[in-house]
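Using the sequences and the hints given, assemble the complete structure.
What follows is each chain in one-letter form.
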Amino acid sequence: MGRSWRSFFKRKKESEVTEPTVEAPERDEAAEEPEGLAPPVATREAEEAAAPEEESAVESAQVEEPVADGSVAEKPAEVEQARAEAAEQEESGGWFGRLRQGLRRSRESFVGQLNAAVAEFRDAGDEEFWERVEEILITSDVGVPTTARLVAELEQEALEKNVTSAKELRALMIEHATRMLSGPVELDVSRKPTVVLMVGVNGTGKTTNIGKLVHFLPGKVMLAAGDTFRAAAIEQLQRWGERTGAEVIARERGADSAAVAHDAVEAAKGGGADILLIDTAGRLHTKVNLMAELDKVKRVIGRQMPDAPHEVLLTVDATTGQNGLRQAKLFHEVAGVTGIILTKLDGTAKGGIALAIANEVGVPIKLISVGEQIGDLHPFDAREFAEALFGEL
Amino acid sequence: MFDTLSDRLGSALDGVRSSGNLTEDQVKKVTREIRLALLEADVNYGVVKKFVANVRERATGAEVSRALSPGQQVVKIVNEELASLMGGTASKLQFASRPPTVVMLAGLNGHGKTTTAGKLALFVRKNSGKNPFLVACDTYRPAAIDQLEQIGKEIGVPVYAEGTEPAPEDIAQRGIREARDGGYDFVIVDTAGRQVVDEPMMDEIKRVQSAVRPHSVLLVLDSATGQNAVDVAEAFREYADFDGMVLTKLDGDARGGAALSVVSVTERPIKFASEGEKMGEFDYFYPDRMAGRILGMGDVMTLIEKAEGQLDRQEAEAQSKKLMAGKFDFEDFLKQMQMIKKMGPLSSLLGMIPGLGKQLSGVNMDDLDNKALGRVEAMITSMTSQERRNPKLLQNPSRARRIARGSGTTPQDVQKLVKQFGQMQKMMRQMGGGGRASKRMPRMPFNMR
Numbered sequence: 013m014g015r016s017w018r019s020f021f022k023r024k025k026e027s028e029v030t031e032p033t034v035e036a037p038e039r040d041e042a043a044e045e046p047e048g049l050a051p052p053v054a055t056r057e058a059e060e061a062a063a064p065e066e067e068s069a070v071e072s073a074q075v076e077e078p079v080a081d082g083s084v085a086e087k088p089a090e091v092e093q094a095r096a097e098a099a100e101q102e103e104s105g106g107w108f109g110r111l112r113q114g115l116r117r118s119r120e121s122f123v124g125q126l127n128a129a130v131a132e133f134r135d136a137g138d139e140e141f142w143e144r145v146e147e148i149l150i151t152s153d154v155g156v157p158t159t160a161r162l163v164a165e166l167e168q169e170a171l172e173k174n175v176t177s178a179k180e181l182r183a184l185m186i187e188h189a190t191r192m193l194s195g196p197v198e199l200d201v202s203r204k205p206t207v208v209l210m211v212g213v214n215g216t217g218k219t220t221n222i223g224k225l226v227h228f229l230p231g232k233v234m235l236a237a238g239d240t241f242r243a244a245a246i247e248q249l250q251r252w253g254e255r256t257g258a259e260v261i262a263r264e265r266g267a268d269s270a271a272v273a274h275d276a277v278e279a280a281k282g283g284g285a286d287i288l289l290i291d292t293a294g295r296l297h298t299k300v301n302l303m304a305e306l307d308k309v310k311r312v313i314g315r316q317m318p319d320a321p322h323e324v325l326l327t328v329d330a331t332t333g334q335n336g337l338r339q340a341k342l343f344h345e346v347a348g349v350t351g352i353i354l355t356k357l358d359g360t361a362k363g364g365i366a367l368a369i370a371n372e373v374g375v376p377i378k379l380i381s382v383g384e385q386i387g388d389l390h391p392f393d394a395r396e397f398a399e400a401l402f403g404e405l
Numbered sequence: 241m242f243d244t245l246s247d248r249l250g251s252a253l254d255g256v257r258s259s260g261n262l263t264e265d266q267v268k269k270v271t272r273e274i275r276l277a278l279l280e281a282d283v284n285y286g287v288v289k290k291f292v293a294n295v296r297e298r299a300t301g302a303e304v305s306r307a308l309s310p311g312q313q314v315v316k317i318v319n320e321e322l323a324s325l326m327g328g329t330a331s332k333l334q335f336a337s338r339p340p341t342v343v344m345l346a347g348l349n350g351h352g353k354t355t356t357a358g359k360l361a362l363f364v365r366k367n368s369g370k371n372p373f374l375v376a377c378d379t380y381r382p383a384a385i386d387q388l389e390q391i392g393k394e395i396g397v398p399v400y401a402e403g404t405e406p407a408p409e410d411i412a413q414r415g416i417r418e419a420r421d422g423g424y425d426f427v428i429v430d431t432a433g434r435q436v437v438d439e440p441m442m443d444e445i446k447r448v449q450s451a452v453r454p455h456s457v458l459l460v461l462d463s464a465t466g467q468n469a470v471d472v473a474e475a476f477r478e479y480a481d482f483d484g485m486v487l488t489k490l491d492g493d494a495r496g497g498a499a500l501s502v503v504s505v506t507e508r509p510i511k512f513a514s515e516g517e518k519m520g521e522f523d524y525f526y527p528d529r530m531a532g533r534i535l536g537m538g539d540v541m542t543l544i545e546k547a548e549g550q551l552d553r554q555e556a557e558a559q560s561k562k563l564m565a566g567k568f569d570f571e572d573f574l575k576q577m578q579m580i581k582k583m584g585p586l587s588s589l590l591g592m593i594p595g596l597g598k599q600l601s602g603v604n605m606d607d608l609d610n611k612a613l614g615r616v617e618a619m620i621t622s623m624t625s626q627e628r629r630n631p632k633l634l635q636n637p638s639r640a641r642r643i644a645r646g647s648g649t650t651p652q653d654v655q656k657l658v659k660q661f662g663q664m665q666k667m668m669r670q671m672g673g674g675g676r677a678s679k680r681m682p683r684m685p686f687n688m689r
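Sequences listed follow chains X and R, in order. Residue 13 is where the first sequence starts when you use our numbering, and the numbers rise one by one after that. Residue 241 is where the second sequence starts when you use our numbering, and the numbers rise one by one after that.
Keep in mind that the hints were calculated from the coordinates and are not lab data. It is possible that part of the hints are untrue.
Cβ-to-Cβ under 10 Å is the rule here; a few derived chain X residues that face chain R [to be verified]:
#	residue
1	152
2	167
3	213
4	214
5	220
6	331
7	332
8	338
9	361
10	384
Keeping only pairs whose Cα atoms sit at most 30 Å apart, straight-line, the calculated BS3-like set for lysine-lysine is [stated by the list, open to error]:
#	chain 1	residue 1	chain 2	residue 2
11	R	666	R	575
12	X	299	R	366
13	R	268	R	290
14	R	575	R	446
15	X	299	R	518
16	R	659	R	632
17	X	341	R	659
18	R	518	R	393
19	X	308	R	268
20	X	299	R	575
21	R	656	X	341
22	X	308	X	281
23	X	341	R	518
24	R	316	R	290
25	R	393	R	332
26	R	656	X	299
27	X	308	R	518
28	R	393	X	299
Just so you know, even glycine gets a beta-carbon here, dropped at the ideal spot from N, CA and C.
Here is the structure:
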């Protein structure tokens with residue numbers, strides 16, 4: 013059950029890595045501003061161009077496995093344990109099991125409601141039934157526009173296919189939600205070093221999920237304490253560094269975040285790191301100055317490594333309501349988000365905002381975090397998420 | 241998605257003149273819009289249902305006042321209902337007759353407890369002359385204790401911590417004893433963030449509460465929380481009953497409907513509003529202001545206060561007169577822009593003005609915002625003072641070309657700006673020009689008192 017970590021990382025052999033020619037590495041200051049928004053597009057284009065290679069990338073990843081294992085062995089025992097735990101979990105029902113367990117309370121009432129509704133389903137023309145489905149989606153934070161779209165699609169298809177049984181209907185619902193949620197989930201770690209930038213609103217779990225992610229990343233991982241603003245954020249990341257054995261690049265609190273990123277990219281290039289995870293301070297998407305700072309961090313990284321950052325991950329708290337959409341939109345505009353980490357799915361929240369984000373912003377969900385343990389971070393699987401949302405078939 | 245309720249109601253009631261009663265059909269249309277607006281603001285579904293039923297009852301057959309459009313009439317009813325639901329007035333802190341007053345903070349991960357602890361300490365010292373003391377009981381999140389210690393140092397408040405080994409309830413008890421011995425009269429106990437489905441953690445906060453017996457338990461709630469806020473609050477009520485809430489991250493653009501839901505379901509008031517990352521950005525919560533925010537009706541009071549903080553009062557008054565008279569020119573616009581830039585993004589400020597949304601819908605606000613502001617500024621500064629005072633001159637293409645060259649823009653940009661400015665002037669004239677329109681706008685933000 014669940015998408016495995018192995019296929020989650022998109023890896024290529026060194027020789028396969030082609031420098032994207034779209035972007036000139038040297039940019040003069042004057043030309044810089046208008047180009048500010050160009051890099052994400054270029055990167056995405058490059059990614060898309062690389063997409064057909066995906067299959068072979070997975071193969072080569074397997075070939076490389078012994079190497080990866082070798083480097084893993086250098087990590088402290090806790091990492092091994094976490095991996096073992098994760099593997100164990102994958103055997104015992106996978107993250108889907110965790111998710112189900114985590115969502116137990118809310119799911120019971122949610123699926124109960126849905127079951128009751130579906131049981132009363134007579135035919136696709138049943139207005140009351142669709143209203144009920146609407147209600148269920150809205151109470152899961154899916155939001156009005158996405159709910160309206162989903163219900164309209166479902167209604168039409170149910171009519172066309174003359175769906176009369178509850179079972180068929182539920183399959184259809186899962187189908188549609190899955191389609192809405194599907195996107196490229198793999199994390200592209202093919203460059204050396206691959207630079208991953210973590211962004212998000214305050215308290216959504218950036219630092220915590222960096223800590224979790226380190227355990228699963230292949231190769232030598234380096235961390236950068238780019239949150240130089242919040243009290244003890246640097247210490248928090250350093251604690252994660254101690255736990256995982258990853259080197260942490262940091263400056264003092266109050267230092268320029270872009271400068272930390274600069275140091276870190278240099279260190280990663282010089283120190284032979286495979287992956288660099290750069291933490292940033294939490295910021296509300298409405299703060300113009302802070303968003304400009306993020307833009308600067310991104311530009312500084314791009315100046316040192318023309319196609320970096322290779323991944324920009326946005327953490328979104330699953331308990332967030334419709335504001336999650338605004339967060340995703342604005343962060344995407346400024347930082348060119350390549351994927352979402354949906355965090356804190358272990359509470360009563362159903363994470364319906366993921367559906368809204370996928371539908372309205374078009375950024376794929378890449379990872380979900382369903383608990384506080386290290387092993388609770390999982391590659392996102394659209395179908396399983398949809399199943400968790402709508403109950404089992 | 242950020243249509244304001246007034247806009248929605250305006251279009252639902254198009255064609256309805258301001259006389260007679262609202263018909264049932266109109267009320268139905270209107271309540272649908274209210275329902276959608278509340279749902280988009282993250283108000284809990286069940287709460288919305290009840291609320292809409294109330295409004296429907298009051299609105300059906302309600303006499304439409306002459307001064308207000310039917311839409312405004314309904315908005316007024318909604319606003320009153322909302323404000324009463326949230327408790328009419330601000331609910332202040334109670335202090336224990338025998339100090340120290342002990343306040344415990346509880347909430348989900350990442351909603352802002354530790355930051356709130358620091359802010360609350362500073363607030364009671366500044367506003368109530370208390371001598372605060374912080375106790376660090378988050379023994380889980382890496383560096384949470386460091387965070388509280390750094391905050392304590394920053395604001396000059398002592399922090400009691402014992403590391404991550406002892407049980408939180410023991411740390412709390414010893415911390416309070418230490419505070420009492422040290423002559424501190426206000427103790428804030430910070431606890432770890434927890435998820436309500438995590439029973440061991442919920443049991444823990446129950447233990448902390450029964451060990452400490454705080455005078456007040458505050459539930460810290462992120463204003464961006466969605467539909468599940470009610471479940472969260474009910475769970476906390478079960479394990480560690482709270483007597484009030486702190487609503488955080490209000491400097492974002494979340495509507496905060498979750499707060500309304502929680503108040504409505506638990507009947508516990510929101511006591512504090514927290515916005516921003518600076519320690520001083522913390523205040524008592526004023527329910528009447530929140531009603532407008534949830535409905536997207538604008539928050540005139542907040543805007544006025546923001547404006548008062550940044551603008552020169554006399555200057556603003558003079559400007560507002562000009563604005564209303566339609567005599568507002570580029571010179572004034574430039575001044576306004578420079579003042580407004582200090583207050584935050586233009587679109588969010590304009591969003592605070594009730595009813596402005598619809599009137600501005602012809603003007604693309606994004607074009608006027610942020611980055612664009614800089615270009616607008618460049619264009620205006622490239623105009624001669626004569627042109628600034630008389631924008632009509634700019635209809636001359638050679639002038640537009642010159643300005644475009646001077647500001648690094650295109651003549652089209654200049655023409656667009658002039659056109660938008662013209663629209664704005666016209667709109668302002670309509671709003672300020674007396675008659676019906678002015679009655680629709682009971683309070684203008686720049687009309688200071």
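*Holds or violated: residue 666 (chain R) with residue 575 (chain R), Cα cutoff 30 Å?*
holds, 19 Å
_Restraint status (C-alpha distance of residue 393 (chain R) to residue 299 (chain X) at most 30 Å)_ = holds, 26 Å
*asked:* Hint residue 384 (chain X) vs chain R: min CB-CB distance below 10 Å?
replied: Hint holds; residue 384 (chain X) Cβ to chain R Cβ min 8 Å, cut 10 Å.
*For the pair supplied as a hint, residue 268 (chain R) and residue 290 (chain R), is the alpha-carbon distance within the 30 Å limit?*
holds, 15 Å
*30 Å Cα cutoff - pair residue 299 (chain X), residue 366 (chain R)*: This hinted pair holds, its Cα atoms lying about 27 Å apart.
_Quick check on the hint: residue 338 (chain X) CB to chain R CB, less than 10 Å?_
Holds - the Cβ of residue 338 (chain X) comes within 10 Å of chain R, reaching about 6 Å at its closest.
_30 Å limit on alpha-carbon distance, applied to hinted pair residue 308 (chain X) and residue 518 (chain R)_ = holds, 22 Å
*asked:* Hinted pair, alpha-carbon criterion (30 Å max): residue 299 (chain X), residue 575 (chain R). Please report holds or violated.
replied: Cα-Cα ~22 Å, so holds.
*Would you settle whether the hint for residue 332 (chain X) is holds or violated, based on the nearest Cβ-Cβ distance to chain R being less than 10 Å?*
holds, 5 Å
*Interface hint status, residue 220 (chain X) versus chain R (Cβ within 10 Å)*: holds, 8 Å
*With a cut-off of 10 Å, does the beta carbon of residue 331 (chain X) approach a beta carbon of chain R closely enough for the hint to hold?*
holds, 5 Å
*Taking the least C-beta to C-beta distance, is residue 214 (chain X) closer than 10 Å to chain R?*
holds, 7 Å
The structure shown violates the earlier hints numbered 2, 14 and 19.
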